[in-house]
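Student: First to last, the sequence lines map onto chains A and B.
Take the first sequence: its letter number 44 is residue 43 in numbering that gives the first Met the number 0, and every next letter is one higher.
Take the second sequence: its letter number 34 is residue 33 in numbering that gives the first Met the number 0, and every next letter is one higher.
Hint data in this document are derived by calculation from the structure and do not stem from the laboratory.
What you are looking at is a predicted structure, and each value in this text was computed from that prediction instead of being measured.
Just so it is clear, CB atoms sit at the ideal spot from N, CA and C, and this is done for glycine as well.
Heads up, none of these hints are tricks.
If you anchor each label on the Cβ, the simulated ranges turn out as follows:
1) Glu69/A <-> Leu280/B: 54 to 60 angstroms
2) Leu14/A <-> Leu165/B: 55 to 61 angstroms
3) Lys82/A <-> Ala317/B: 53 to 59 angstroms
4) Asn98/A <-> Glu128/B: 51 to 57 angstroms
5) Ala38/A <-> Ala32/B: 28 to 34 angstroms
6) Lys82/A <-> Ala372/B: 51 to 57 angstroms
7) Lys216/B <-> Gln20/A: 50 to 56 angstroms
8) Trp382/B <-> Glu64/A: 45 to 51 angstroms
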Amino acid sequence: MSVNEKFSAIRKGLLEFLVLQIIAAEKVYVADILKQLSATEFATQEGTLYPLLSKMRREGLLDYEWKESEAGPPRKYYELTAKGREQLRETLEYWGKINGTVKNLGQK
Amino acid sequence: MNKVITINLDGNAYQLEEGGYDALRAYLEIAAARLSGNPDRDEIISDIERAIAEKFRTLLASHKTVVVTKEVADVLAEMGPIEADPDTAADPGASGTGAPSGASRSGTAGQEQAAGPGGPPRRLYRIHEGAMIAGVCNGIAAHMNIDPTLVRLAFVLLTIFWGSGLLVYVVMAIVVPEANSPEEKAAASGIPSTAQEFIRRAKEGYYEAVKGFPDRKARREWKRRFKREMRANADQWRYNWHSYWAEHAPFHPGMGFAVPFLSLLHGAATVLWICALISLLATGTVFGLVLPANVPVWVAALLLLIAYGIVVGPLKFARRACYWGMGQPRWVCSSVFLLDTMVWVAVVAALLWLAAHYSPELRDAIHSIPALAHQAADDIRTWWHGK
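All chains should be built: construct the whole structure from the sequences, respecting the hints.
Tutor: Right, here's the structure in full:
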C-alpha cells in the first residue's frame, strides 16, 4: 500500500479543517475553494464538497449568502460563524500539538 | 444524428444529447439515493444542479446550443461522485425531518412522497407564475394541493354572494409574501425545485407507479400531485420562455400603447362573464337564453368559465407580449403595468355600474349583497358559538 493510499482517510478527515481555513480568509464560493485545493494533495470535487459544506452549516460552523455574479445566476458565498472560528482556533492548536508529537517522538 | 432532450436545471433550459441525458439522470439518481436520510438532501441536490448548470453554460455559445454526451460525461467526472457524510448515512432515523431512506430506495418513491414527510416544508406564498392577479389563489391552490381554478371560483362566488371574497383577496395580497427564490417556490407547493424529482417521475412512469398503489386514496393523491407537478413544469417552461423573450425582444416603445386597448377588451370580457354568471345563478338564464331542462346550473357555470378562458387567454397573452416587448427599462414596464391595472379596474367598475344601472336583476343581486353578508356573518357567529 502506497503512502498516498494509507493517508486517504486522514486527508478526508483533514478536509473539513482546510475548508474552515480557506473560508476564514475571505468569503468564497465553491469554485474558489476547489481552485485553492486543486494545487494541493487535498484536491477534491463538488460531489464531496457540497455535502461537506452542508454538514458544516448544519453544525453551525459556517453560513452562506447569495451574491450576484457578473455572469450568470447568483452564487452562494460561504463565511465562518463565531462557532466556526472557535473551532478553527482549537483545531489549529491541536494540529500544532500533533505536529510536535510527530517531530519529537522517538527522538533522543 | 443524435436525439436531443431538453432539461430544466436551476430554472434554465439546457439541451443534452440523449446519452448525456441518461448519464446525468443516473448521476442525480445515485446522488439522491446516497443522500437519502440527509436533512439537507434537496438543498445539496439543487447546489449540485446549479454547479452542473454553470459548467454547461461555459460550454455553450451562440453557435453551439447542445451539450454533447462526451461533454456531459466530462462535467460529471469533474463533479465527482456524491459522498454522503457519515453522520447521516449511518443513522438515517436520527434526523428530525426523517426522510425514510428505505422507502425512497424501494422504487415506490412516489408513495413515500405522497405520505408527506419526504417533501420540503410547506408554507403559504403567493405564486406569480401563471397567476391572474396577485397570485393569491395560485398560492392557496398549491398549498392545499387543489386546482387553482377551483380556488378562483370560490373567491368569485364568495364575492358575489357574500361580498367578502374581494376583501379577503386584497388583504391576502398584501399580507402573504410572494415566492421569489427557488427555495420559497419549493416551499409554496411542497415540490422540491430540482430536476431530480422530475427525472424520477419520468423514469418510473406515471402508470407504472399508479398500478402499484394499494388503495384508492393513495392513488388519487398521487395522481393529483402528478398533474400539479406537470403543470408546475409547464409554468416553469413559460417563465423561462418569458425571460428569454425579455432578453431578446427588440425595443418597441409603441407596444406600450396597445396595452390599454387590450386591457379594455379584457375588462369588457370579464364584466360580460360576471354578468352572465350572476344572471345564470339568479334567474337560470344567460342573457335571456334559457338553459335546456336537462343541463344543471353548475354545468352551465362551468361552460361559462371555459368560454371566458377561451376569450381571455389570447388577450392575456397579447398583453404580456406587449409588456415584454417594451424593452428593458424596468420602471417603464412597471408603470405601464400599474396604469394598465388601473384602467382594467376602472373599466370593470364602470361597466359593472352601467350594467347594474340598466339591468334590474343585476341591481337586485348587488343590492342583496349586504343582506347576504349579514346573514353569512350571523351564520358564522352561531356556528362559532355552537362549537
